[in-house]
Each structure stands twice: as C-alpha cells, then as structure tokens.
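Undergrad: Take a look at the letters that make up each chain.
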Amino acid sequence: MGMGNGKPPIVEIAHLSKSYRRGSQTIPVLEDITFDIADGEFLALMGPSGSGKSTLLNLIAGIDKADQGTIRVGGVDITSLSDKELAAWRSANVGFIFQFYNLMPVLTAFENVELPLLLTGLSRNERREHVDLALQLVGLSDRVDHYPAQLSGGQQQRVAIARAVVSDPAILVADEPTGDLDRVSAGEILQLMDRLVHEFDKTIIMVTHDPRAAEKARIIRHLEKGILTDSDGQPASPVAGS
Amino acid sequence: MFLLKLIIRNAFRHKLRSALTVVGVAIAILAFGLLRTLVGLWYHGVEASSATRLVTRNAISLVFSLPLSHKDRIRQVPGVQAVSYGNWFGGIYIDEKHFFANYAVEPKSYLDLYPEFVLSPEQKGAFFLDRKGCIVGKRLADTYGWKIGDLITLRGTIFPGQWEFVLRGIYRGAEKSTEERALMFHWDYLNETLKKTMPRRADQVGFYMIGVTKPELAAEVSQAVDGIFRNSLAETLTETEKAFQLGFVAMTEAIMIAIKIVSYVVIVIIMVVAANTMAMTARERIAEYATMKTLGFGWVHIAGVVFGESLVIALSGGLLGVALTFPASHWIETELAQFFPAFPVSMTTIYLDLAAAAMVGTVAGIFPTWRGATIGIADGLRRIG
Ligand SMILES: Nc1ncnc2c1ncn2[C@@H]1O[C@H](COP(=O)(O)OP(=O)(O)O)[C@@H](O)[C@H]1O
Ligand SMILES: [Mg+2]
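Residue numbers (the numbering used here), protein chains in the order written: chain B, 9 to 250; chain A, 29 to 413.
These are computed hints drawn from the structure, not numbers from a lab.
None of these values were measured; they are calculated from a predicted model.
Glycine included, every Cβ here is placed at the ideal spot set by N, Cα and C.
A few of these clues could be false.
[As the list claims (entries may be wrong)] Between beta-carbon pairs, the in silico distance windows are: (1) A:55 / B:149: 46 to 52 Å; (2) B:32 / A:407: 16 to 22 Å; (3) A:376 / B:176: 25 to 31 Å; (4) A:404 / B:33: 51 to 57 Å; (5) A:30 / B:149: 37 to 43 Å.
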C-alpha cells in the first residue's frame with residue numbers, strides 16, 4: 009500500500025481522465041485517476057513507455073489540460089484556472105526538470121537559472137543572490153559563465169535543477185531526469201534530489217524508467233495503460249496513507 | 029532588456045544560416061535600391077528641364093524643320109524674353125558605337141538661355157569668335173582625352189559630309205543632372221555650308237528655344253506662338269521643355285514600368301526565402317519556446333522573441349544593402365559613366381530600402397511568430413530529442 013509521510017496532502021487528484029484525439033480516433037491515456045501526494049513526498053512514477061506518465065505529470069504541473077476530474081495543489085483547483093492564471097501559478101509553485109535539461113543554448117548557466125526570476129519583481133541584485141545560491145546548491149559556482157554546450161550532461165542537469173529551485177517552489181516535477189545520463193551523473197542528480205526533499209522540504213514527483221532512480225524515492229506508483237497501481241501491482245487505494 | 033539579448037543571440041546562433049539570409053536580403057535591397065534609382069533617374073531628366081523654357085518645333089513632326097524667319101515673329105510675342113534656335117545635327121564620331129548628342133546652335137543666345145552649361149569667359153569668347161569652333165561637355169572631353177584646340181571630325185548623317193570643328197571650350201554642368209556629354213557648334217557654320225551645297229535646306233532650323241519671363245506665362249506664350257503660325261506652311265508646336273522631353277521618355281516608359289515591377293519581384297522573392305528560413309529556425313526552437321512558457325513566460329514574450337529575431341535579421345540585411353548602395357552607385361558613375369554620368373541614390377530610396385527590409389522581416393516572421401505564440405506547452409516539449 010502507498011505510504012504517506014504523515015503530512016497533509018499537497019496534491020489531491022480526483023477522477024482525472026485525459027484522452028488524445030488522433031484523426032477521428034480518441035485514444036484514452038488516463039482513466040479515472042484518484043490519488044493524493046503528501047507534502048514533502050518523493051514519489052516515483054513508473055510504467056512502460058506510452059502508459060501516460062508524462063501526461064499525468066504535465067497535468068499535475070499545470071502545463072496540460074485534463075478532460076475530466078480535478079487537481080488540487082496546495083488547496084488550489086488548478087483545473088479551473090485560465091491559461092494566464094496557470095502560468096503565474098506555475099512560476100510560483102512548480103519547478104521543472106526535464107530529461108533533456110531544456111536549457112536555453114544561447115544563455116549562460118547563470119542566465120538560464122535567472123530566467124524564472126525575470127518574471128518576478130526582484131531587483132537585479134536580489135536575482136544575483138538567488139542565482140548564486142542556487143548554483144552553489146548544485147555545486148556549479150565555478151561554471152556560471154559557461155554555456156550549456158560547454159557543460160557535461162550531468163552539469164547541464166544540475167543547472168536545470170538550480171533553475172527549478174531558484175524561485176523556491178514547493179513542488180518539483182521531473183520527467184526522466186536521469187534518462188539521458190551515465191550512471192555516475194545519474195547518481196549525483198538523485199543525491200541532489202534527495203537533499204532537496206530532506207533538507208529543503210520539497211515535494212518531488214519524478215517519472216522514471218530507471219529502478220535505481222525509483223529506489224531513491226519514498227513511494228513508487230505504477231501506471232499501466234492509464235490505470236494507477238501501487239508498487240505491488242494492486243490497484244491503488246484512492247487516498248494515500250494507510 | 030533580457031528579451032533583446034535573447035533575440036540578438038538567437039539571430040546569430042547559426043552563423044552560416046544567418047549570414048546567408050542577411051546577405052540575401054542585402055543583395056535584394058541593393059538591387060531594389062539601384063533599380064529604383066534607375067527609374068527615378070529616367071524621370072529626373074524630365075524634371076530637371078526648365079519650366080521657363082519652351083521648345084517650338086514643326087507641328088507635323090520633329091524631323092521637319094521651320095523657317096529661320098519665324099525667329100523675329102516669336103520674339104515679338106509678349107512674355108518672350110529670349111529666343112535661340114538650332115538643329116539636331118546627328119553627326120557620328122568614329123562610328124555609331126561612339127554616340128553622343130551634337131547640335132548646331134546660335135551660340136550666344138543658346139548659352140544665355142542655358143546657364144547650366146558653365147564655361148570660363150575666355151573659352152566662351154573664343155567659341156563665339158571661331159565660326160568653326162565647338163564646345164563639349166567635360167565628361168565627353170574626358171572620354172576622348174580632347175583638349176582645347178583639338179580638331180574634331182564628325183561624319184554627317186542628316187547633313188552629309190565630313191565636318192571639322194575646333195574645340196574652343198569645355199563646359200561643366202552646373203548640376204549633377206546636367207548633360208555633360210554633348211557637343212555644340214555654330215549654327216551659322218552649318219547654314220553657310222548648306223547654302224553652298226544644298227541651298228534648299230538652308231535657313232531652316234530644327235527647333236526654337238524660347239525663354240519666358242515667368243514660368244506662369246509658359247502656357248500663354250505657347251498658345252500665342254502657335255497661334256501666329258496657324259494656317260501657315262510651317263505650323264508650329266510649342267511645349268515646355270519638360271513636355272518635349274517627356275515625348276522622348278514616353279516610348280521607354282513601358283520599360284521603366286517593367287523595371288519597377290522587377291524591383292518589387294526581387295523583394296517578394298527574398299521575402300519567401302526569408303520566410304522559409306525563419307519557419308525552419310522557429311521549428312527547431314519550439315521546445316525552447318515551450319520551456320519558456322513552462323517557466324511562466326506568456327505568448328507575448330515568445331512572439332516578441334520570434335518576431336524580433338526575424339526583424340533583426342531582415343534589418344541587418346537591409347542596412348548592409350543600404351551600405352552597399354553607395355559604393356555600387358559610385359561604381360556605376362565611374363565604370364558606366366557613358367550611360368549614367370550621375371547615379372545619385374536619393375534619401376527616399378534609402379527609406380524605401382529600409383521599409384522593404386522591415387516588410388521582409390515582418391512577413392517572414394508572421395507565421396513562425398504565430399506558431400511560437402500558440403504552441404501548446406505539452407506539445408512543444410514533446411518535440412525535443
Ligand atoms: N499530443 C498528443 N497527441 C496524441 N497522442 C498523444 C499526445 N501526447 C501523448 N500522446 C499519447 O498518449 C500516450 C501517453 O503518452 P505519454 O504520457 O508521453 O507516455 P509516457 O510518458 O508514459 O511514455 C502515448 O500513447 C502517446 O502516444
Ligand atoms: Mg514520457
């Protein structure tokens with residue numbers, strides 16, 4: 009059974025469904041998903057390719073729209089927000105980590121990390137402090153002026169993590185964050201994510217294929233053909249925590 | 029500020045691709061500017077002609093002449109200040125390829141009427157005194173290396189024979205547009221020779237040039253002059269110099285219109301090429317735009333980045349094109365001087381160049397901007413890897 013950490017849920021998902029249309033055909037991707045994620049949780053979402061993991065993650069992170077159901081994050085029903093409200097909500101509440109890092113190639117490490125802060129009212133000096141702190145956290149203080157192409161994959165992913173945490177969001181979503189990395193780099197990234205949960209009280213939702221990555225997580229959920237199951241393969245109980 | 033930085037860095041990210049696009053736009057703008065200058069030049073010749081000068085010719089056709097006796101009657105028309113006259117000589121120097129305009133004119137009245145032909149007083153005096161003397165424009169003299177005192181022989185076509193002239197003066201044009209490739213000689217020399225060889229053709233002039241006291245009188249004077257000779261054996265047609273020139277220009281106007289169209293076609297072609305490049309570029313960056321949206325940037329930001337990049341590239345090309353226009357026009361003035369003694373690029377053309385470049389950037393940017401602004405985040409992110 010899915011185990012909570014005793015804290016109240018930060019994400020509450022109820023009867024979530026999503027399908028895509030391909031031509032005249034409708035392809036169901038997520039079917040009636042209901043589950044909670046506790047505050048401060050490190051959750052791994054596993055499952056075969058095409059099972060809808062990314063789709064679910066995108067819905068929770070507010071970058072895709074559900075067909076049915078509600079997603080409450082920190083008490084806010086994000087399914088009822090307009091695109092504009094959603095954009096503001098995302099920048100305040102969610103940090104993103106992607107498989108291919110998604111850094112802007114023409115911006116330096118510093119500028120990439122600074123990017124989310126440009127939408128806040130912070131002054132240039134305040135931004136600099138935040139960025140320096142975030143890059144220090146990921147151990148890249150000596151690479152501020154490097155462009156992504158001048159960094160290794162692992163270093164790029166660390167810049168991406170710095171970018172994800174620089175505005176101090178409560179939730180981090182990571183879609184296969186180690187999928188493009190070698191074993192050592194992947195280990196470092198997972199270590200870092202672990203620290204973010206334990207030292208900085210972040211909630212992390214991570215999609216992964218990698219069993220070693222999943223091991224780091226406190227809870228593993230499986231998606232199979234749009235249906236959510238517990239780590240033992242049984243249909244998940246609708247409410248997290250026993 | 030940040031967006032501007034991103035736009036500039038994006039614009040020159042693919043060095044070769046951006047360079048090729050910029051050069052392409054530059055060449056198109058250069059061609060556009062030069063073609064428009066060429067067309068402008070054509071009409072400029074017309075505009076440069078004086079509004080206070082009238083030309084009287086035979087009403088039937090330019091090839092028929094008028095009796096010299098008309099001169100005194102024209103002079104008596106109220107509003108007429110000066111009258112000169114001449115013949116299109118049509119002499120050939122060496123062979124037909126060495127074409128330049130040459131006229132027989134009454135020297136004193138002619139140079140009074142055409143102050144834009146600037147001669148030193150000494151040369152002017154020498155020309156007046158020598159019946160076989162002639163004057164030529166500076167550019168023409170430079171072309172053949174003629175010096176004062178040189179003997180110039182023209183083969184007559186309308187007036188057969190070998191005609192010899194002594195170069196007595198080299199004039200400069202008061203303005204850039206003044207014709208500096210013409211030769212003028214004494215009408216008396218032509219007439220006296222004709223009296224001996226072809227008396228029937230003597231005392232005939234090809235055209236009268238009339239100076240009026242005020243430009244407003246031009247229409248009135250033309251009507252009065254033509255009125256005097258109506259129903260005579262040699263009816264006249266008097267028009268402003270401008271209208272007279274337009275008669276020459278009219279037949280080539282079709283060519284000018286074609287050139288104008290070509291100048292626009294050039295812009296349309298580069299527009300299509302630039303649009304294709306921008307679409308390709310934007311397609312490659314969809315995931316980046318989606319990432320920015322993920323971080324909370326709005327469609328306005330994305331639109332600004334995509335559109336800005338298109339404008340930066342097109343305007344860089346435009347500025348380069350404008351910068352190249354000046355050496356190109358200089359090159360034309362020196363290397364093609366016999367066709368284009370002056371090839372001045374006007375300020376209007378420069379503005380048109382820049383407007384055309386801005387339009388190329390706008391049109392090329394529209395579709396990618398729309399794509400970038402409207403792409404769904406989840407869709408955009410899927411395009412990676
Ligand atoms: N924009 C889309 N249009 C059509 N089908 C899509 C779209 N996005 C995802 N899908 C389909 O939805 C299913 C789930 O995709 P995804 O969530 O990316 O799976 P996973 O991340 O588990 O590999 C797949 O079959 C995929 O082809
Ligand atoms: Mg996926």
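Undergrad: Of all the hints numbered above, which does this structure not satisfy? Sort the numbers upward.
TA: 3, 4, 5
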